[in-house]
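Going down the list, the sequences are from chains P and Z.
Going by numbering that gives the first Met the number 0, the first residue of the first sequence is number 0, and it counts up by one from there.
Going by numbering that gives the first Met the number 0, the first residue of the second sequence is number 0, and it counts up by one from there.
FYI, nobody ran anything at the bench for these hints, they're computed from the structure.
By construction, the Cβ of each residue, glycine as well, lies at the ideal position given by its N, Cα and C atoms.
You may find that some hints are simply not true.
To be verified - Here are the simulated SDA-like cross-link-like pairs (lysine to any residue), alpha carbons at most 25 Å apart as the crow flies:
1. P/401 with Z/283
2. P/401 with P/465
3. Z/418 with Z/468
4. Z/418 with P/366
5. Z/96 with P/151
6. Z/174 with Z/96
7. P/80 with P/155
8. P/463 with Z/290
9. P/96 with Z/150
10. Z/96 with P/34
To be verified - Going by beta-carbon spacing under 7 Å, a handful of chain Z positions derived as facing chain P:
11. 41
12. 59
13. 64
14. 66
15. 70
16. 78
17. 79
18. 86
19. 87
20. 92
21. 218
22. 290
23. 318
24. 320
25. 321
Protein chains: 2
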Amino acid sequence: MWVKIPQLWLHLQPMTGPRQSPSRKVQSRRFQPPRGTRDFYPADMAVRRYIESVWREVSINHGFEEVDGPTFEHLDLYTHKSGPGIVSELFQVFSGKDEEQIAAIRRGEDAPYALRPEFTPTLARMVAAKAAELPRPIKWFAIPSHFRAERPQRGRLREFMQWNVDFIGSDDSAKADAEVMACAIRAMEKLGLSPSDAWVRISDRRVIQEAFHASRQSCTIDEAFDLLDRRTRLSEHEFLSHANHVGFDVHAFDLQLANFSNATILADRRRIRRPTEVTEQFFSLLDQLESCGVRASCVPDPNIVRGLAYYTGTVFEIIAEGERAIAGGGRYDNLIESFGGPSMPACGFGMGDVVLANILHDKGLLPEEVVMQPLRPHVFVISAGKEEADAELPRLVARLRKAGYHVRHTYRSTRNVGKLLGEAAKCRARLAVILGDELAEGRVVLKDLDAGEQREFPLADLEKELRAALDR
Amino acid sequence: MWVKIPQLWLHLQPMTGPRQSPSRKVQSRRFQPPRGTRDFYPADMAVRRYIESVWREVSINHGFEEVDGPTFEHLDLYTHKSGPGIVSELFQVFSGKDEEQIAAIRRGEDAPYALRPEFTPTLARMVAAKAAELPRPIKWFAIPSHFRAERPQRGRLREFMQWNVDFIGSDDSAKADAEVMACAIRAMEKLGLSPSDAWVRISDRRVIQEAFHASRQSCTIDEAFDLLDRRTRLSEHEFLSHANHVGFDVHAFDLQLANFSNATILADRRRIRRPTEVTEQFFSLLDQLESCGVRASCVPDPNIVRGLAYYTGTVFEIIAEGERAIAGGGRYDNLIESFGGPSMPACGFGMGDVVLANILHDKGLLPEEVVMQPLRPHVFVISAGKEEADAELPRLVARLRKAGYHVRHTYRSTRNVGKLLGEAAKCRARLAVILGDELAEGRVVLKDLDAGEQREFPLADLEKELRAALDR
Numbered sequence: 000m001w002v003k004i005p006q007l008w009l010h011l012q013p014m015t016g017p018r019q020s021p022s023r024k025v026q027s028r029r030f031q032p033p034r035g036t037r038d039f040y041p042a043d044m045a046v047r048r049y050i051e052s053v054w055r056e057v058s059i060n061h062g063f064e065e066v067d068g069p070t071f072e073h074l075d076l077y078t079h080k081s082g083p084g085i086v087s088e089l090f091q092v093f094s095g096k097d098e099e100q101i102a103a104i105r106r107g108e109d110a111p112y113a114l115r116p117e118f119t120p121t122l123a124r125m126v127a128a129k130a131a132e133l134p135r136p137i138k139w140f141a142i143p144s145h146f147r148a149e150r151p152q153r154g155r156l157r158e159f160m161q162w163n164v165d166f167i168g169s170d171d172s173a174k175a176d177a178e179v180m181a182c183a184i185r186a187m188e189k190l191g192l193s194p195s196d197a198w199v200r201i202s203d204r205r206v207i208q209e210a211f212h213a214s215r216q217s218c219t220i221d222e223a224f225d226l227l228d229r230r231t232r233l234s235e236h237e238f239l240s241h242a243n244h245v246g247f248d249v250h251a252f253d254l255q256l257a258n259f260s261n262a263t264i265l266a267d268r269r270r271i272r273r274p275t276e277v278t279e280q281f282f283s284l285l286d287q288l289e290s291c292g293v294r295a296s297c298v299p300d301p302n303i304v305r306g307l308a309y310y311t312g313t314v315f316e317i318i319a320e321g322e323r324a325i326a327g328g329g330r331y332d333n334l335i336e337s338f339g340g341p342s343m344p345a346c347g348f349g350m351g352d353v354v355l356a357n358i359l360h361d362k363g364l365l366p367e368e369v370v371m372q373p374l375r376p377h378v379f380v381i382s383a384g385k386e387e388a389d390a391e392l393p394r395l396v397a398r399l400r401k402a403g404y405h406v407r408h409t410y411r412s413t414r415n416v417g418k419l420l421g422e423a424a425k426c427r428a429r430l431a432v433i434l435g436d437e438l439a440e441g442r443v444v445l446k447d448l449d450a451g452e453q454r455e456f457p458l459a460d461l462e463k464e465l466r467a468a469l470d471r
Numbered sequence: 000m001w002v003k004i005p006q007l008w009l010h011l012q013p014m015t016g017p018r019q020s021p022s023r024k025v026q027s028r029r030f031q032p033p034r035g036t037r038d039f040y041p042a043d044m045a046v047r048r049y050i051e052s053v054w055r056e057v058s059i060n061h062g063f064e065e066v067d068g069p070t071f072e073h074l075d076l077y078t079h080k081s082g083p084g085i086v087s088e089l090f091q092v093f094s095g096k097d098e099e100q101i102a103a104i105r106r107g108e109d110a111p112y113a114l115r116p117e118f119t120p121t122l123a124r125m126v127a128a129k130a131a132e133l134p135r136p137i138k139w140f141a142i143p144s145h146f147r148a149e150r151p152q153r154g155r156l157r158e159f160m161q162w163n164v165d166f167i168g169s170d171d172s173a174k175a176d177a178e179v180m181a182c183a184i185r186a187m188e189k190l191g192l193s194p195s196d197a198w199v200r201i202s203d204r205r206v207i208q209e210a211f212h213a214s215r216q217s218c219t220i221d222e223a224f225d226l227l228d229r230r231t232r233l234s235e236h237e238f239l240s241h242a243n244h245v246g247f248d249v250h251a252f253d254l255q256l257a258n259f260s261n262a263t264i265l266a267d268r269r270r271i272r273r274p275t276e277v278t279e280q281f282f283s284l285l286d287q288l289e290s291c292g293v294r295a296s297c298v299p300d301p302n303i304v305r306g307l308a309y310y311t312g313t314v315f316e317i318i319a320e321g322e323r324a325i326a327g328g329g330r331y332d333n334l335i336e337s338f339g340g341p342s343m344p345a346c347g348f349g350m351g352d353v354v355l356a357n358i359l360h361d362k363g364l365l366p367e368e369v370v371m372q373p374l375r376p377h378v379f380v381i382s383a384g385k386e387e388a389d390a391e392l393p394r395l396v397a398r399l400r401k402a403g404y405h406v407r408h409t410y411r412s413t414r415n416v417g418k419l420l421g422e423a424a425k426c427r428a429r430l431a432v433i434l435g436d437e438l439a440e441g442r443v444v445l446k447d448l449d450a451g452e453q454r455e456f457p458l459a460d461l462e463k464e465l466r467a468a469l470d471r
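Whole structure, please, built from the sequences with the hints as guidance.
Written out as structure tokens, the structure reads:
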């Protein structure tokens with residue numbers, strides 16, 4: 000509801016009253032949500048909040064601080080980072096009040112704003128704006144809505160939540176990269192996914208670049224990266240045929256990478272035939288992942304490139320069998336500078352809720368008792384029907400809510416205690432307070448609905464007894 | 000970050016590597032957020048989350064369940080509720096990929112979607128879609144972002160958070176209205192606002208309608224409502240001059256209302272000279288507010304009308320001296336039906352974060368120790384500099400984070416324990432673990448930074464000691 004009246008239309012539109020304004024009848028009409036967006040009914044919302052609470056808790060435990068920005072930004076914030084091709088992936092936004100904006104769009108221009116397709120440009124803008132005063136390193140996370148003007152498919156919607164974790168301004172890139180990855184991996188663990196359910200493929204774009212140059216290719220590095228990024232999604236035949244078409248010598252390239260691959264998989268840096276600064280740094284990253292206790296979830300894999308142009312070092316993806324990537328990220332040391340900030344090393348990842356929730360659901364990792372746990376009522380208050388009890392009920396409910404308890408009661412007319420205990424159990428209440436005949440002597444019954452036990456005591460002791468019962 | 004590559008522009012735009020792609024240099028450019036939107040840096044976000052957590056906790060304690068819907072909806076969802084005048088208050092949205100949408104806008108049509116200016120239409124659509132299966136009453140809350148294409152002013156932004164609480168499908172309107180209002184008032188209390196800081200003006204549109212008809216006015220009821228709604232914002236002279244202009248007899252109207260006003264203010268229903276069903280219902284509401292223990296925050300005030308066309312009974316606003324309304328709501332019994340659902344009584348309110356945060360800030364009710372409390376690190380881990388301690392630190396940090404603690408450590412090179420204890424205090428850590436010379440014997444020091452005390456014990460006991468120290 001708006002707190003203020005839109006004055007304008009008060010003058011355009013007759014007002015509705017229950018009888019006085021026959022001029023505007025209730026016109027009934029059904030609506031659908033926009034395609035590719037979601038309605039979150041209470042059970043759906045409980046799942047979303049459960050996932051978000053794991054993301055938030057893990058982020059905070061790893062020392063990241065939460066930030067957020069506008070849901071829409073100037074459209075050129077996104078083209079600045081990603082080039083003009085991004086425009087067709089965006090939902091464009093304009094003010095219905097601004098005649099100039101409307102006229103410009105009718106002339107064929109893009110709208111001035113776009114719904115956020117990713118958080119990184121907002122993050123870079125925010126860091127650049129306050130780079131001088133922000134304490135370093137900057138460790139931020141955000142969990143906003145994101146939007147893509149794409150065709151909805153499994154694992155891909157037009158509006159989705161995405162967890163963003165970024166570590167900016169630390170010169171020790173191996174430590175920063177490892178901490179960011181450890182944060183993502185801890186969230187997987189906490190959600191119940193084992194390293195065989197979901198694992199991290201890691202690489203370093205510079206290793207691929209070195210192999211590309213050492214193998215003296217006749218295609219451009221962009222063509223090679225584009226192909227390599229699609230390697231796991233193409234059949235071997237398709238891949239080779241595309242490679243042949245652009246002039247990418249797969250054999251020569253793979254030979255260059257083979258030493259690196261073998262060495263990293265065997266975790267034996269002595270197997271690198273021509274160690275470089277880049278391969279040394281990759282082994283430092285593996286050492287750091289070991290220190291953080293997450294090395295077992297990580298698989299070095301030079302085939303990952305992550306198409307995004309701005310990655311400058313480490314790249315990684317979280318993968319589950321047969322699904323789109325759960326998360327993706329890496330090091331992007333040039334980005335803050337490109338948004339007008341100082342040169343600052345940076346690393347981060349994004350993890351959407353759609354693929355993740357599909358996987359958790361398919362693996363039975365969203366059981367109701369876990370998802371609903373924080374939403375269980377502390378107490379369900381029951382009146383057994385005496386007038387005194389009926390009068391006491393709203394006062395008691397208000398008193399307990401004021402004391403911070405989640406309190407429910409029936410809205411039905413029944414005073415059958417058995418039926419009402421059933422209603423209490425159905426809404427998963429932990430305790431029931433029964434205002435029965437004992438109320439005449441100022442006493443109430445407290446029933447533990449999980450344990451099945453009950454106790455009777457003076458009404459004045461209720462808060463003390465509730466606390467004790469909930470601590471058990 | 001996007002998890003997927005925007006394939007399209009990979010072909011349009013050369014890729015950046017640290018050395019290999021001189022074709023795309025870092026073009027540095029600064030950006031501003033859109034006017035009237037906010038960047039939430041960590042301190043701002045802590046305030047937002049604090050307010051949202053109070054809203055959420057109070058909602059849940061009152062038995063409301065959280066829901067959410069899309070950030071953008073079909074534009075005609077909003078015109079259906081509010082009439083065509085709303086369009087100029089909306090941010091319009093279209094897909095940059097959809098040629099038909101773009102062509103239609105260029106022809107002069109509205110965009111197909113709009114950013115949510117209020118939650119009620121989404122709520123009504125969602126209730127209507129599942130009315131048959133949803134258990135009743137339906138008690139929902141939501142805390143999404145909302146958007147208005149208006150000029151930003153104090154207390155009014157183009158993007159803001161709004162708490163929506165709705166109670167649908169209960170025939171006992173006085174109880175439902177009182178429970179909804181009690182929920183709003185409890186949130187005010189919990190945020191530290193007393194009834195003299197912020198109070199609830201309540202009325203019933205039908206009382207005003209009765210007074211309008213009984214005073215035999217020559218203007219329309221819409222003209223009268225429009226004027227009455229602005230009464231407190233106009234000077235007496237302006238108000239009378241406008242009234243005179245449209246033919247609204249203020250004296251006759253006030254006389255009709257005087258009995259009602261006196262009776263409600265004195266809480267004495269016998270003072271109503273001509274009691275009607277409507278005035279009786281209003282006293283029932285006051286009784287219910289009394290039962291809920293929030294009557295002291297409520298002031299009957301027939302001058303409140305709440306311009307929105309869809310209110311059908313109770314209307315209320317939360318007011319603070321010299322500010323825009325903090326919240327507004329009321330009963331809207333026709334709305335669900337107008338969105339294709341069954342006829343269902345309903346009542347709710349919306350409370351934005353902008354005016355509220357201004358008031359809390361001005362009254363000193365956002366002290367850092369309250370806002371930052373949930374974000375305090377449990378423990379700050381310090382290495383005093385021995386090689387063994389430096390090696391243990393990342394393992395210990397990872398182990399404690401995995402156990403669910405919020406753990407920080409320095410990213411600076413200093414090993415001066417005094418300086419590091421200063422850093423720990425600065426980030427508000429509750430405890431510090433010091434890996435000093437004792438580590439050689441497998442022992443560590445735990446310092447309570449609030450109490451100033453410290454203990455030494457075996458490293459293996461750390462989790463147990465941490466739990467004990469945090470429980471103190």
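Tested hints:
1. Distance check on the hinted pair: residue 401 of chain P and residue 283 of chain Z sit about 22 Å apart at the alpha-carbon level, within 25 Å; holds.
2. Taking the CA atoms of residue 401 of chain P and residue 465 of chain P, the gap is near 14 Å; set against the 25 Å cutoff, the hint holds.
3. The suggested pairing of residue 418 of chain Z with residue 468 of chain Z holds, with an alpha-carbon distance near 23 Å, which does not exceed 25 Å.
4. Under the criterion of a C-alpha separation no larger than 25 Å, the hint pairing residue 418 of chain Z with residue 366 of chain P is inconsistent with the structure, at around 47 Å.
5. Distance restraint check for residue 96 of chain Z and residue 151 of chain P: the Cα-Cα separation of roughly 13 Å lies within the 25 Å cut-off, and the hinted pair is therefore satisfied.
6. With a C-alpha separation of about 49 Å, the suggested pair residue 174 of chain Z and residue 96 of chain Z falls outside the 25 Å cut-off, and the hint is violated.
7. With a C-alpha separation of about 22 Å, the suggested pair residue 80 of chain P and residue 155 of chain P falls inside the 25 Å cut-off, and the hint holds.
8. For the suggested pair residue 463 of chain P and residue 290 of chain Z, the alpha carbons sit about 23 Å apart, so the restraint of at most 25 Å is met.
9. Taken as a hint, the residue 96 of chain P and residue 150 of chain Z pair is honoured in the structure, with Cα atoms around 10 Å apart against an allowance of 25 Å.
10. Of the pairs offered as hints, the one joining residue 96 of chain Z and residue 34 of chain P holds, with about 14 Å between alpha carbons and a cut-off of 25 Å not exceeded.
11. Evaluation of the residue 41 of chain Z hint against chain P yields a held restraint, the C-beta minimum of about 4 Å falling below 7 Å.
12. Taking 7 Å as the C-beta cut-off, the interface hint given for residue 59 of chain Z holds, the closest approach to chain P being about 5 Å.
13. The closest approach between the C-beta of residue 64 of chain Z and any C-beta of chain P is roughly 4 Å, which is under the 7 Å cut-off, so the hint is satisfied.
14. Nearest Cβ of chain P to the Cβ of residue 66 of chain Z: about 6 Å, under the 7 Å cut. The hint holds.
15. The interface hint given for residue 70 of chain Z is met, as the beta carbon of that residue sits about 5 Å from the closest beta carbon of chain P, less than 7 Å.
16. Nearest Cβ of chain P to the Cβ of residue 78 of chain Z: about 10 Å, over the 7 Å cut. The hint is violated.
17. Proximity of residue 79 of chain Z to chain P holds as hinted, the smallest CB-CB distance being about 6 Å (cut-off 7 Å).
18. Nearest Cβ of chain P to the Cβ of residue 86 of chain Z: about 5 Å, under the 7 Å cut. The hint holds.
19. Given the 7 Å rule on beta carbons, the hint for residue 87 of chain Z holds: about 5 Å separates it from the nearest Cβ of chain P.
20. A distance limit of 7 Å between C-beta atoms decides the matter here; for residue 92 of chain Z the minimum to chain P is near 5 Å, and the interface restraint holds.
21. For residue 218 of chain Z, the interface hint is violated, the least distance from its beta-carbon to any beta-carbon of chain P being 13 Å, above 7 Å.
22. Given hint, residue 290 of chain Z at the interface with chain P, holds; its Cβ is 4 Å from that chain's nearest Cβ, closer than 7 Å.
23. A least Cβ separation of about 11 Å between residue 318 of chain Z and chain P goes past the 7 Å threshold, and the interface hint is therefore violated.
24. At about 16 Å, the closest approach between the beta carbon of residue 320 of chain Z and any beta carbon in chain P exceeds 7 Å, and the interface hint on this residue is violated.
25. Given the 7 Å rule on beta carbons, the hint for residue 321 of chain Z is violated: about 16 Å separates it from the nearest Cβ of chain P.
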